[in-house]
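Visitor: So you can see what is in the structure, the chains are spelled out below.
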Amino acid sequence: MPVKINLPQVGESVTEGIIGKWLKKVGDTVDRYEPLVEVTTDKVNMEFPSPYNGKLTALLVKEGDTVAMGAPIAEMETSEAVAEAQLSAYTPARQERATTPVGRTGVLLKDTRPVGPTGSGVETPVSESAVAVAPSVSAVTSAQMPSSPAPAVEAARGGQRYSPIVRSLAEQHGVDLAQVKGSGLDGRVTREDVARYVEQRAAALAKAPALAAPAGQAAGPDEEAVPLTPIRRIIAENMMKSATQIPQAWSALEVDVTSLVARRESAKDEFLGREGVPLTYLPFVMKAVAESLKENPRVNSTWGGDKVILKKRIHIGIAVATSQGLVVPVIHNTDSMSIAGLAKASNEIIQRARDGKLRLEDVHGGTFTLNNTGVLGSILTQPLINWPQAAILTTEAIVKRVMVLPGDAIAVRSMMYIGLTFDHRILDGADAGAFMNSVKRRLEAISKDTAIY
Amino acid sequence: MAVKSVIEAVREAMFEEMKRDPNVFIMGEDVGKRGGVFLATRGLIEEFGEERVIDTPLAESSIAGIALGAAMQGRRPIAEIQFADFIWPAVNQIIGEAARVRYGTKGVLHVPMVVRCPYGGGVRGGLFHSQSPEAYFAHTPGLKVVCPSTPYDAKGLLKAAIRDEDPVVFFEHKRTYRLVRGEVPDEEYVLPIGVADIKRAGSDITCISYGLMVHYCLEAAEMLAKEGVNVEVLDLRTVRPLDKEAILESVRKTSRVLIVHEDNRTGGLGAEVAAIIAEEAFGHLDAPITRVTGPDVPAMPFSPPLEDFFMPNPEKIAAGLRRVASY
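From first to last, the protein sequence lines are chains A and B.
Terminal number for the first sequence in our numbering: 453, no gaps in between.
Terminal number for the second sequence in our numbering: 1327, no gaps in between.
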C-alpha cells in the first residue's frame, strides 16, 4: 500500500527544517531505519531514517527546500500494515470516532466469560476495547470547553434579567427594556440592542408627523429652523398625548393664605439657620394637597379605558422650569412627610432638576402634579394634565387684596388662586370643587401653632 | 528594520546588555559551549568568555541560588532554567528568597536578577518539556513576571528585565522561538515592564492573552472578522504586575471578554484577570467573562492527539469568541 512520509518533529523549538541531500532516489528499495534524507535545522542536523520497508515512489520536496515539521516529504510503497502511521497521525476519522457517543464505558460482567488459569480474567473483543477508550475522551472534551454561561442563560430565560451595561444604558436613555427586542442568546437584550433601540426611537420621534413640521415645510428666508432637543421632543410628545387623549376641564377658587404667610414668616429664619434650606410655601401646599388626595381618592387616579385605576400611594410631582425645559421630579410617598421633610426633599430634588442631575426614579411614578405658577407672577393658569394622571393643581401668586370679611369688616388679606385641570372622564365639576375646597380648608386652617416638624 | 525570530531577539538582548554592562553574566545548563539547548546563548561564550557565560551542573537550586547571591553583591545575573518544567528545585531561591530580599532588608539589599525560562507546549515535548508555570510566580509579590509574544516585545522586555533592580522571571514560549518572526528595530530600545499592548484593535469583544496564545487569538480574530465580529486582542505581555488600566479600558469599550491561556484553568492568570474585571468593570459587562484554557490535567500529554486536545488553538478560541459574541 502507498504511504506518505512526513518530516518528523525534531527538537522542541524547531518548526521547520531544510532538506539536505536525498540519500535514496525514486525506485530504490529501502529498509526500515535506513537513512533516507539529510535534514538541517537551526538546532540539529540529522539523517532521517525510513519508517518502513518498501520502495520509494516519489520525492515531494527538493534539496534546499524549507519544510514545516510534519509536512509530507516523500511517498513509499510498502507491504507493511501501516498501523503505526495511523497511530501517529491525528486523522479526522479518528477524531470522529472519539466523539461518537457510546452508551457504556466498559463490558458488563455478565457478558464476559472466564479466561486464564484462575478464570478471573475478562476477555474483551479488540474492536470493543478500541471503542471503549472513546467515551472518556469525549467526556473530557466537553469538560474542557469554555465554561458555559449556563446559569445566566437560565436566568435570562426565566425572567427579565439584564446585564449591568444594559441596565445602565437603559437608565441613561430612559428605555423601557420590555420594549426592546433582544438579539442575544434566547432573545436576551444586548448592549447593541439597546443602542439600536435608542437610535431608532430618536429617528422615529424626529419623523413623527404630529411633532415635526408638516412634510415639505422648510424654514423660509426670514425663518430659522431650531432642531429639537431630546427633552423638547419628550415634552412635545407628552403634551400631545395629554391634549389629544384627555378631555380636560378647568376650575379655580380663591384661598385666604394670610395665616399661612404669617406662619411661614415666623418660622423661616430659624428654619434656614437650622436646616440649611429655605422654608417656602411649597411644603405647606404639598402637605395640604397630599391630605386632600387621601380624602378625595379619585383625584389620585388614572383612566383605565373601561375603569378608573385608583393609586394607593401618593407621589406628587413638582413642575420645575430648567434651562433645558420643563421637568417634573417626583417626591414619593408625599403623604408620609412632615412640612420640614417636604421642604428638604423638594429643595433637594428641585436643585437636582436644575443641575440636570435627576435620576430615572426621580421622574417616575408620579400620581398627581403640582404646578407653582405663582413664581412666574401669574394669577390664573390653565395647565395641561401631566398624562396619564387625573388632574394637575396650580398655585398662583400670593397678592394682598382688600377683602370683605364675615361681619362685613374690610381688611387687607394675602390671597392666592388655586386652579385645577382635571380629566372629565374621571371627575366632574363637583369632585373637582370638593377636592379644591379640601385644599383650601387646610391651607386656611394653618395657624401659628401649625407644626413644622 | 530587520525581520527576526524570537530566539534571535532574545540572543540579541543578552548580547547587547552584556556589551553595555560588564556586571551582566549568564549561567545555566549548557549555556556555554553548546550555546544553550535552544541556542539562545549561541556565540556568547566566544564573545564574553567562560567567566561571564557559565556552564553549571544540572542543579536548578544552585543556578538560582548563586544568581541570587551574585545579584545581592551588585552583579546582574541572567539565570537560565533549561526548561521551565525544571524550575521547581529553584522555587525556594526565587519565591522564598529573591522575592523578599528588598522587603526583608528594608530596601538595604535588592536582587537585580533575571530568571529566563523557556516554557509552554505544542512542541511534542511531553510531560517535562511543555509546562506553563507562570501563575505560581505571578502569585508572588516581589517578583515581576514577563511573558512576551513577539520578537520586538521579547527583546525590549528582556533588556528591561536585565536592567530592573528587582527579580524578574522571564518566560519565553519555546514554540514561538522559531515560529514567530517580526520586525525588530536596528537601534536600541527598551520596553516598560507592566504595560499591555493591543495587538489588534476591535470593538465587539476583548480577547485577553499572552505568549504563544496571542498569535492564536489573532488568527481566531481574523476568523471572527469574516463573520462580522470585530475582536480586540490585548496582549498582557507582563502577567505581574498586570496592566489593569489597559484591561479595564478595553472591557469598557467592548463589554465582552474572552481570556485565553495555555496554562491549566484553575487558579490561572485568567482567574485573576476575570476577578479584576468583575470587581472594577462589572457595570460595563454585557456577557459572562469566559475563558479558553488548557484543561485541569496534571501535565502535557505525550501522545500527539492528546496534546492537540490539551492545547488551545485558533479553532477553540474562535468557538469561545462565538459563544461570547452570541450571548
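There may be inaccurate statements among the hints.
Chain B regions said to be covered by chain A (calculated; three or more residues, Cβ under 8 Å) [what the hints assert, rightly or not]:
#1 1166-1178
#2 1281-1291
Partial list, derived from the structure: chain A residues whose beta carbon lies under 7 Å from chain B [said to hold, decoys possible]:
#3 T15
#4 S163
#5 I165
#6 G184
#7 L185
#8 T190
#9 K312
#10 H315
Since the hints were derived computationally from the structure, they do not count as laboratory data.
The C-beta atom is built at its ideal place from N, Cα and C for all residues, glycine as well.
Visitor: State for each hint whether it applies.
Guide: Against the structure, the hints:
1. 1166-1178: holds (count 4)
2. 1281-1291: holds (count 9)
3. T15: holds, 4 Å
4. S163: Holds: closest Cβ of chain B sits about 5 Å from A:S163, inside 7 Å.
5. I165: Given a least distance of 5 Å, the restraint on A:I165 holds.
6. G184: Hint holds; A:G184 Cβ to chain B Cβ min 6 Å, cut 7 Å.
7. L185: holds, 5 Å
8. T190: OK, holds: A:T190 within 7 Å of chain B, min 6 Å.
9. K312: Status violated, d = 34 Å.
10. H315: This hint is violated: A:H315 lies away from chain B, its Cβ roughly 28 Å from the closest one there, beyond 7 Å.
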